[in-house]
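Enquirer: The sequence shown lines up with residues 1 to 145 when you count with my numbering.
Do not take every clue at face value.
For lysine-lysine, the following DSS-like pairs were computed, each having C-alpha atoms within a straight-line distance of at most 25 Å [what the hints assert, rightly or not]:
no., residue 1, residue 2
1, K131, K90
2, K6, K61
3, K131, K141
4, K90, K141
Derived CB-CB ranges, DEER-like [as the list claims (entries may be wrong)]:
no., residue 1, residue 2, range
5, H115, S33, 45 to 53 Å
6, L104, R36, 22 to 30 Å
7, R136, S5, 30 to 38 Å
8, Q94, D43, 12 to 20 Å
9, L144, R120, 30 to 38 Å
FYI, nobody ran anything at the bench for these hints, they're computed from the structure. Quantities reported herein were computed from a predicted structural model and do not represent experimental measurements. Backbone N, C-alpha and C fix where the C-beta goes; we use that ideal spot for every residue, glycine too.
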Amino acid sequence: MAHASKDVDTLNSFLRGEISAVETYRQALGHVSDDRLRDALEDCQHDHEHRVEELRERIRKLGGEPAESSGLWGTFSKLVQGGADMLGEKTAIQALEEGEDHGLHDYQRDADQVHGEVRRFVRMELLPAQKRTHERLSRLKRTLH
Numbered sequence: 001m002a003h004a005s006k007d008v009d010t011l012n013s014f015l016r017g018e019i020s021a022v023e024t025y026r027q028a029l030g031h032v033s034d035d036r037l038r039d040a041l042e043d044c045q046h047d048h049e050h051r052v053e054e055l056r057e058r059i060r061k062l063g064g065e066p067a068e069s070s071g072l073w074g075t076f077s078k079l080v081q082g083g084a085d086m087l088g089e090k091t092a093i094q095a096l097e098e099g100e101d102h103g104l105h106d107y108q109r110d111a112d113q114v115h116g117e118v119r120r121f122v123r124m125e126l127l128p129a130q131k132r133t134h135e136r137l138s139r140l141k142r143t144l145h
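Produce the entire structure from the sequences given, and follow the hints as far as they go.
Expert: Here it is as structure tokens:
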């Protein structure tokens, strides 16, 4: 289990990103009036909430302590979303898409930093789920133009 500590660190990095995503969607939803758009964004938020729970459970199984906050990325997302709030729904969607891009990049970049069953979990569960959420938001953005 020499890898367990490093795996926990990597999973906590993913967890902070997912917590940040949930926070950003929550902020964006406060500024969305269109019901169809709101439903789609809530679905994306629920996807991220599900990954938060999966990551917390996996980190505990490895004997680690799950991150409680989004840390620096949460601060960044608040700044980005704060600017988007003043500019409307399209800009909020753009900010969310940038966050989805970042999350997808993180999973792709760090998937091989973990080992064994944890790598399978990242490659077979987290990464495909993030790709689906990313694609859902990209489709939504295209319908706004």
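Enquirer: Taking the earlier hints as the rules, which of them does this structure contradict?
Expert: none
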